[in-house]
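Visitor: Going down the list, the sequences are from chains A and B.
480 is the number of the first residue of the first sequence in my numbering; add one for each residue after it.
480 is the number of the first residue of the second sequence in my numbering; add one for each residue after it.
Incorrect hints may have been included.
Treat identical chains as interchangeable: a pair holds within one or across any two.
[Claimed, not checked] Simulated pairs of lysine-lysine, PhoX-like, Cα-Cα distance not exceeding 25 Å:
(1) K548 to K522
(2) K564 to K574
(3) K522 to K547
(4) K522 to K564
Keep in mind the hints are simulated off the structure, nothing from the lab.
There are 2 protein chains.
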Amino acid sequence: MSNPEPIRRAIRDKELASLGDAFVNFVYSLALTQRDGHPKGVKVSDRILSEAFRLAGLRQYLGTRISKKDLANATESLLVDAYRKQLLTIEESVKVLCQNPDGPEAGLLDLLTLAAERMERL
Amino acid sequence: MSNPEPIRRAIRDKELASLGDAFVNFVYSLALTQRDGHPKGVKVSDRILSEAFRLAGLRQYLGTRISKKDLANATESLLVDAYRKQLLTIEESVKVLCQNPDGPEAGLLDLLTLAAERMERL
Numbered sequence: 480m481s482n483p484e485p486i487r488r489a490i491r492d493k494e495l496a497s498l499g500d501a502f503v504n505f506v507y508s509l510a511l512t513q514r515d516g517h518p519k520g521v522k523v524s525d526r527i528l529s530e531a532f533r534l535a536g537l538r539q540y541l542g543t544r545i546s547k548k549d550l551a552n553a554t555e556s557l558l559v560d561a562y563r564k565q566l567l568t569i570e571e572s573v574k575v576l577c578q579n580p581d582g583p584e585a586g587l588l589d590l591l592t593l594a595a596e597r598m599e600r601l
Numbered sequence: 480m481s482n483p484e485p486i487r488r489a490i491r492d493k494e495l496a497s498l499g500d501a502f503v504n505f506v507y508s509l510a511l512t513q514r515d516g517h518p519k520g521v522k523v524s525d526r527i528l529s530e531a532f533r534l535a536g537l538r539q540y541l542g543t544r545i546s547k548k549d550l551a552n553a554t555e556s557l558l559v560d561a562y563r564k565q566l567l568t569i570e571e572s573v574k575v576l577c578q579n580p581d582g583p584e585a586g587l588l589d590l591l592t593l594a595a596e597r598m599e600r601l
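Could you put the whole structure together from the sequences, leaning on the hints where they help?
Guide: Printed below as a string of structure tokens:
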């Protein structure tokens with residue numbers, strides 16, 4: 480059974496997005512560090528974050544007049560909400576980001592899809 | 480027995496500082512979120528990071544002509560190196576940041592001191 484409410488709540492929570500920004504930058508940086516074999520720190524762009532949201536088929540959860548920034552925030556909110564609800568760990572997040580052969584940008588879509596699936600089961 | 484080498488190596492590694500930035504912002508944001516009861520995301524300032532480094536008595540590990548930014552980077556490098564070496568977890572870091580009655584800024588000094596003590600035992 481699929482329950483859309485936890486996702487709807489998460490992605491409309493503006494405060495979650497700012498914590499989510501810190502979460503996403505951290506796990507993405509860890510993934511690049513693991514891939515490249517030396518430490519890296521990055522700020523994941525709104526382009527990457529918003530694209531993942533669209534490609535995960537989650538656009539329906541947001542209303543009209545939505546900016547790229549809103550879609551990026553929604554990705555950040557959903558991911559950190561899943562982390563706080565113990566549906567995702569840091570280790571698993573890094574693993575998912577790393578294991579897509581097309582790289583962590585494609586891995587972000589996998590991670591978001593996984594988080595959304597687990598949220599829908601709540 | 481106190482071994483200064485792991486600390487020396489960590490704080491001179493510029494690449495570690497950029498990953499450390501993501502680590503520190505994440506655990507500090509989680510600590511503020513826990514303290515305030517609602518999600519927060521922050522970028523910890525160089526002032527806070529450099530002050531912690533000085534107060535932890537670690538200034539001796541760096542050379543002369545050191546800027547505030549260098550001290551801040553050293554805090555970030557040391558903390559994330561301790562995390563990567565499994566001397567600190569996310570959960571413990573957040574707990575230490577939260578438990579100082581003077582707030583997470585004072586808690587950061589506790590966390591840095593703890594990380595340095597454990598690094599010195601390597």
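Visitor: Does each hint hold? Answer for all of them.
Guide: Consistency of the hints with the structure:
Proximity of K548 to K522 under the C-alpha cut-off of 25 Å is found in both arrangements, the shortest distances being 14 Å within a copy and 19 Å between copies. For the identical chains of this complex, K564 and K574 are neighbours both inside a copy (19 Å) and across copies (18 Å), given an alpha-carbon limit of 25 Å. Both within a single protomer and between protomers do K522 and K547 lie at most 25 Å apart by alpha-carbon distance, with minima of 16 Å and 22 Å respectively. When the C-alpha separation of K522 and K564 is checked against a cutoff of 25 Å, the pair qualifies both within a copy, at 24 Å, and between copies, at 23 Å.
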